[in-house]
Amino acid sequence: MSLLEIRLFTVQPGTREEFDRVSREETIPMMRRWGINVIAFGPALNTEDGYYLIRSFPSEELRVSVQEAFYASAEWEENYDKKITEMIADYQTAVTPLTGELSTGLKGI
-17 MSLLEIRLFT
-7 VQPGTREEFD
3 RVSREETIPM
13 MRRWGINVIA
23 FGPALNTEDG
33 YYLIRSFPSE
43 ELRVSVQEAF
53 YASAEWEENY
63 DKKITEMIAD
73 YQTAVTPLTG
83 ELSTGLKGI
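At position 85 of the sequence shown the residue is numbered 67 (the working numbering), and the sequence of numbers has no breaks.
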């Protein structure tokens, strides 16, 4: 069963512009090189320090295993782990099945 993962970040005050730049230019391209399907990302419109990341995965097992490998990779640890972690105040992750109804609803937007 395919899954949709929605990650909502609260970044440290004054860091959202840099968080967005690093995401657009560096970490999102890295995720895509790893085969992670990034659907959407960017600054949240409803809060000054909000940021979102929406990804899809073929299964929960693959979501977990790919992310464990990705975040443990030398490239992530050497280039992004400290930099990104310092900009994040908090985050929440929601995972939902990507059902036909949800998929159809997203296409209609």
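These aren't lab readings, by the way, just hints derived from the structure by calculation. Be careful, since some hints might not be right.
Stated by the list, open to error - Pair by pair, the computed Cβ-Cβ distance ranges are:
id: 1; residue 1: -4; residue 2: 41; range: 32 to 42 angstroms
id: 2; residue 1: -1; residue 2: 81; range: 18 to 28 angstroms
id: 3; residue 1: 41; residue 2: 3; range: 15 to 25 angstroms
id: 4; residue 1: -1; residue 2: 47; range: 25 to 35 angstroms
id: 5; residue 1: 74; residue 2: 40; range: 15 to 25 angstroms
Bear in mind that the values here come from a model prediction, so they are computed numbers and not experimental data. We put the beta carbon where it would ideally sit given N, CA and C, even for glycine.
Okay, the hints, checked on the actual structure:
| no. | hint | in the structure |
| --- | --- | --- |
| 1 | -4 to 41: 32 to 42 angstroms | holds (38 angstroms) |
| 2 | -1 to 81: 18 to 28 angstroms | violated (36 angstroms) |
| 3 | 41 to 3: 15 to 25 angstroms | violated (32 angstroms) |
| 4 | -1 to 47: 25 to 35 angstroms | holds (33 angstroms) |
| 5 | 74 to 40: 15 to 25 angstroms | holds (23 angstroms) |
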